[in-house]
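A.B. asks: With the sequences and hints as input, model every part of the structure.
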Amino acid sequence: MNLITFAIAIPALVSLILAFIAFWLPTISPDNEKLSPYECGFDPLGSARLPFSLRFFLVAILFLLFDLEIALLLPLPWGDQLYSPFTTIVWASIIIILLTLGLIYEWTQGGLEWAE
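With the first letter of the sequence shown counted as 1, position 11 gets the number 11 in UniProt numbering; the numbers rise by one all the way through.
Because the hints were derived from the structure by calculation, they are not lab data. Hints should not be assumed to be uniformly reliable.
Restraint-style ranges between C-beta atoms, simulated for each label pair [unchecked claim]:
1. W107 <-> L50: 21 to 31 Å
2. L101 <-> L25: 50 to 60 Å
3. L98 <-> R55: 20 to 30 Å
We put the beta carbon where it would ideally sit given N, CA and C, even for glycine.
C.D. replies: Right under this line is the structure:
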């Protein structure tokens, strides 16, 4: 076997052994504390499902989308080393205009409102 096979096989084997031990070890001597869910000292009386605001979820998704699109602007300082720095300014302007149009669209559609 070559070195790459060993570099993949040994960590995979160690991971499988550790995962097996992690699942097997608690079943040796089960007691009430090991079988109960961890609830920060609370006894779990009710359901673990809590009502979740769909508006909050949509705002969080919008934040992630805009945050990832802003990451496209991070390489701009290195754009001045190109043959034509004007191209960098044009692409940055296009990205900012698209982000602004997306924000205006979400604002007019009511996607940023907390209450209905």
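A.B. asks: Now look at each hint and say whether the structure bears it out.
C.D. replies: Tested hints:
no., hint, verdict
1, W107 <-> L50: 21 to 31 Å, "holds (29 Å)"
2, L101 <-> L25: 50 to 60 Å, "holds (56 Å)"
3, L98 <-> R55: 20 to 30 Å, "holds (24 Å)"
Checked against the numbered hints above, the structure breaks none of them.
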